[in-house]
Amino acid sequence: MTPGKFVEIDHTADVGLDLEGESPAEVLEAAQRGLTCLLMADTSDLVSDAERAVVVTADGYPDLLKAWCEELYRLLEEESFVALESQVSAVDPEGCVGLVKGVSVSAERLAEASELKAVTYHQLAFDHKETAGNVLWRARVIFDV
Amino acid sequence: MNEIEVKKIEPYLWEIPKTGEMHVPGRIFASEELMAAIRTDHSLEQVRNVACLPGVVGWSLAMPDIHWGYGFPIGGVAATDARSGAISPGGVGYDINCGVRLARSDLVFADLDDTVRRSLIDRLYQLVPSGVGASGAIRKLSRGDLENVLVNGSRWAIEQGYGDTLDLEHTEAGGRLGGADPDCVSDRAKKRGLGQVGTLGSGNHFLEVQRVARLFDTTLANAYGLFPDQIVVMIHSGSRGLGYQVCDDSLKRIRPRLADFGYRLPDVQLAAAPLDSPDGRSYLGAMRCAANYAWCNRQVMLHKVREAFQEIFRLPAARLGMRLVYDVCHNIAKIEEHELDGRRMSVCVHRKGATRAFPAGHAEVPPAYRDVGQPVLVPGSMGNYSYVCAGAAGAMEKTFGSTCHGAGRKMSRTQSKKRSRGRDLIGEMEAKGVVVRATGMRTVAEEMPHAYKDVADVVEVMEAAGVSRRVAELKPIGVVKG
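As given, the protein sequences belong to chains E and L, one line each in that order.
Basically the numbering used here = 1-based index in the first sequence + 166.
Basically the numbering used here = 1-based index in the second sequence + 1.
Hints in this document: simulated from the structure, not taken from any laboratory.
Check each hint, because a few of them may be wrong.
To be verified - Over the 10 Å line for every Cβ pair with chain L, so calculated as not near, a few chain E residues: (1) Ile175; (2) Ala179; (3) Ala219; (4) Glu251; (5) Val269; (6) Gly299; (7) Asn300; (8) Arg306.
Claimed, not checked - Straight-line distance between alpha carbons at most 20 Å, and here's what the computed SDA-like set of lysine to any residue pairs gives: (9) L/Lys253 with E/Gly226; (10) L/Lys191 with L/Ser143; (11) L/Lys253 with L/Asp230; (12) E/Lys171 with L/Thr415; (13) L/Lys433 with L/Arg420; (14) L/Lys192 with E/Glu237; (15) L/Lys253 with E/Ile175; (16) L/Lys191 with L/Gly137; (17) L/Lys418 with E/Ala191; (18) E/Lys295 with E/Glu188; (19) L/Lys253 with E/Ile308; (20) L/Lys419 with E/Glu174; (21) L/Lys141 with E/Glu245; (22) E/Lys295 with E/Asp258; (23) E/Lys171 with E/Ala191; (24) L/Lys192 with E/Glu236.
Ideal placement from N, C-alpha and C gives every residue a C-beta, glycine not left out.
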């Protein structure tokens, strides 16, 4: 199975991600990679040395994507923890359980990150399409920066 | 391209006629050139959507720096009936009371040779933390201190010795909105606010040392304490994580309740609640707390700026003439009295990316400026210039006492980064005479002047429309960015 994909998208003042995968879990994992890419200029020298269990609850898949991104950003803002990889083990419209691997960075390195004001509801979408027996999940999320 | 019907009704004023679910027409202040740019995103659609807000009165307004936002356009103004209308967190934005503060000095450009200028910018960069997780400008607040900040805003900072009472007189609303209710602010928001007082943030926030490059009106400039070649300092920041969280918490609570309020809105991001409802009052109480936090934040930053100047010039800030010219917010909802169709009424003015611009004689303009109108601070992009303007009489007739707030982006962050790739951005700014200190080069790439409209075009439109007048043009000589 190929991992989910993310593409950075344009918005006049802000930034966003278009996501796709063969399952909701893949989309959330792609969101983690995309968000880390948006937040950190360069992670090539960072190596995971810790992990965090992430459990979020939601009211539907779009809400879940927002809550997942918010929790990843909270880890960065509060714990200086940069998520480098993730694995979502259980997911449904009411929530998900995931394991995030990453590393805590110095205050200087943290200050270089982009700040998020919010994970917005603007164009927030997370849905699937079935074509010839194949299911493709797609999502969009816009961040206020 | 945007296909909304727009008619030009005055040289710098356009109208979206009232149709369908709109309660009022839309009105956009713009030149032909700016309107051409405005039509390229979805902001006109958002002007039309805002006209559908319950209880909206007069017009759904857009300033010339309008661009696509969330629910409301950035650069949007809407007034709702304070008794029967709605309040919308989207009409304020995530960064509640994002605003601008300008301090003047007696120094002139010649007092800052290259060495002094670099030392000053370095020191400002050290004293005013910026970027993600920035904290430590002052000691971490206790819960009690934070409650005090949420209720008293800048006054708390002054009581702690971070400034003087004259600063309060020269701050919109005296740096404190009444009716702030800390019980309406979530624990998560409070937690985010404990360590961030006195921090700049990231994105388009900045601290600039500027010189007065040009005066447009010497009488007004004199009243504001400005003169040619003078050194001034501009701070652009807001309510940090606490304010973002207040907005997000409110949206989460209000969005599912629209049907309960009987609201049918064209865009769920307009999420609004009746002002006279528990949800409306709760948002207003929390929003005022965040607004007060933002004023306190900018007050503490000003104190840090004064410290830096004192250290570099080895004179007390007072001897350097470092007085606050004014502090204005441009993301706020306030209950104000306005006249509409000959009738005086109490309205909730949402200014999202718009600045209050009260004219001479208005009771809320501080005594020092009451004969000339309040200062309006309009930052441009970091390599170009910013403006000091003054509120004019037309603002009360046409815009619920509001004007523009900045240049407005014309290029996305992604596009701007692509255009900046491979360039020596810091070197380019230095060549323009601007020393830049930033926590990350990515923000600099996203915020380069090529990403913004020309703020000169924006302020000219508002002057031609009789809403605000240009007083001074300020050129940056040093920039601190998150």
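> So which hints don't hold here, by number, going up?
Replying inline: Violated: hints 1, 2, 11, 15 and 17.
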